[in-house]
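Number of protein chains: 2
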Amino acid sequence: MDTKLTKLLNITYPLFQGGMAWISDARLAAAVSIAGGAGIIAAGGRDANYVREQIRLAKQLTNKPFGVNVQLMADNKDEIIEVICEEKPTFVTLGAGNPIPYFEKFSKAGILKIPVVPNAKLAKRVEDSGADALVIEGMEAGGHIGVLTTMALMTQVIPLVTIPVIVGGGIADGRGMAAALVMGAAGVQLGTRFLVAEECGVHPHVKAALLAAGDTDTVVTGLVGGHGVRCLKNTFSEKYLVMERIGVSQGELDKLATGTNRLAAIEGDVVNGAVLAGQSLLPLKQVEPANVIVERIISEVKQILLDAPGMVK
Amino acid sequence: MDTKLTKLLNITYPLFQGGMAWISDARLAAAVSIAGGAGIIAAGGRDANYVREQIRLAKQLTNKPFGVNVQLMADNKDEIIEVICEEKPTFVTLGAGNPIPYFEKFSKAGILKIPVVPNAKLAKRVEDSGADALVIEGMEAGGHIGVLTTMALMTQVIPLVTIPVIVGGGIADGRGMAAALVMGAAGVQLGTRFLVAEECGVHPHVKAALLAAGDTDTVVTGLVGGHGVRCLKNTFSEKYLVMERIGVSQGELDKLATGTNRLAAIEGDVVNGAVLAGQSLLPLKQVEPANVIVERIISEVKQILLDAPGMVK
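Protein chains in written order, with the numbering used here: chain A, 78 to 390; chain B, 78 to 390.
Extracted from the complex, chain A is given alone in its bound form (with noise of 0.2 Å):
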């Protein structure tokens, strides 16, 4: 399955794992990495560190590309930076800030730069500036989020651009991934379908709530502030909404959020944490290893793209 990204990255499958704070460390990453598509070790709330570590044990578990994703608002974003830059994994994801200062710098380490963008606009700026990809992720997303869908953004960002674009954000099976692929999408990034892979080291309690979990069973956060997060509906979520609805203060809002993140992902405390999580959970049925996902969702997308010409008939 040849598309620009896997050419870019020498991977098997255009298949990322999305960057999760807290919960994506290098064995979820390398072994994504290994079933071919490419894993991401996320450096959102860690120390300089910590990336170091996982980015040296990820090449220590596998020889296969992989990335890491930095998010640009975090205080420590320089240091974590100078690492990345030293440690040189294949690519990185830049969420959550203006990533073109930083494309100088990583080029010269020689890692590829995969900005996140929100709309249409900025996939321009991003192209025009040296970005070697891009990733657009729809607001169905788990964690944090814009305020344009997956289809929105496939619709208009796609046909923008030439460099190739990855696709997250309520892709949780074969057909997703297909339907991204014959809008023109090199890849596709998945991140709540590997919250339950066997590799993923969240917290049980969290595996365990998300497969209970369906399709009505997330909320979005801080909306009203424009910095919108997806997370379970559960008691952390719904005293949240309660608080911005009768106009608590951001800093109040924000002290409440703060720490519910590793509350959930690290101690399993799915009531008063925050579980991060896209809308697309009905098709998250068992833990199972990451090559098992992984092998399903292309065996699907094969027998889907294969198929379609039929439906032309």
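Treat the hints with care, as some may be off.
Identical copies carry no separate label here, and so any pair may be met within one copy or between two of them.
To be verified - Keeping only pairs whose Cα atoms sit at most 30 Å apart, straight-line, the calculated DSSO-like set for lysine-lysine is: (1) Lys-198 x Lys-284; (2) Lys-201 x Lys-362; (3) Lys-81 x Lys-165; (4) Lys-84 x Lys-362; (5) Lys-81 x Lys-379; (6) Lys-362 x Lys-198; (7) Lys-84 x Lys-379; (8) Lys-284 x Lys-362.
To be clear, the hints were calculated from the coordinates, so they are not data collected in a lab.
Assemble chain B onto chain A, guided by the hints.
Relative to chain A, chain B alone:
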């Protein structure tokens, strides 16, 4: 292009023009049906006489199948349903309320029942209750919206039911239609795309505003109260959002919104009226006949699906 939907309705292409209150009338619906899709007359905001007159007019304009969209929250819904059962369009789409109590009445009149459903559970329920097909519409659509996106709905609803599924929301070109078909949809529904059809009677100021708008130019009013409506950013929507944010009562918000659909669609006030529109606005380039829009989309779909096996070489 045969799908379960083309067979059910005896139409050439599995493509609906979505019902748009105050806008989609016999002229637009007939134009889309003559082009090989299926047009839909919107009953929303209208009285029963208007609906009767429009169904009769559409039957004069074409002998092809067309439908009527009924908003089940309307005060005069019973009267409108009575008229529809007398005048017998091929099908109805049913939104904004529980459609099941009306199924028997429509069945007796020989009218196909196609409810719009917001999630997987209700999709199963309408299928079990005898719906002939169903529409899923993502929150990237214009007008009244739910919370799930097109990708999340396609991923989770299509595998659950055996009746034809029609997908709307954010689809504006042949790529989007091809994507829906490869996901297993039996057809698509486009609303905003047909607002710039020559045969669409919406005010020319609305057409001009839509042609000038891009991917980030819509907002959702009424999210806080759980009744989201997607429309263009303008003086009306900005005012509504500010009032919503400062916690004004639902009664006052409703008063602010009353008459604003008509004000934009009929009077052409695109500053103080509500210009309902979906997120995928960049593909709208010019006003052109409905059959040109339909033919371009269908020819794109055919090309894409015939090329698809090349992606898995």
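field: 30 Å Cα threshold - placement of Lys-362 relative to Lys-201
entry: between (38 Å within a copy, 19 Å between copies)
- prompt: 30 Å Cα cut-off: does Lys-284 pair with Lys-362 within a copy, between copies, both or neither?
  reply: within (10 Å within a copy, 46 Å between copies)
task: Evaluate Lys-198 and Lys-284 at a C-alpha cut-off of 30 Å and name the case that applies: within, between, both or neither.
output: between (37 Å within a copy, 22 Å between copies)
field: Within, between, both or neither: Lys-84, Lys-379 at alpha-carbon 30 Å
entry: For Lys-84 and Lys-379, both the intra-copy (18 Å) and inter-copy (27 Å) Cα distances are at most 30 Å.
query: 30 Å Cα cut-off: does Lys-84 pair with Lys-362 within a copy, between copies, both or neither?
result: neither (32 Å within a copy, 34 Å between copies)
message: At most 30 Å between alpha carbons: which applies to Lys-362 and Lys-198, within, between, both or neither?
response: between (38 Å within a copy, 17 Å between copies)
Copy assignment of Lys-81 with Lys-165, given that the CA separation must stay at most 30 Å: within (22 Å within a copy, 51 Å between copies)
query: For the identical chains here, do Lys-81 and Lys-379 meet the 30 Å Cα criterion within one copy, between copies, both, or neither?
result: both (17 Å within a copy, 23 Å between copies)
Checked against the numbered hints given earlier, this structure breaks only hint 4.
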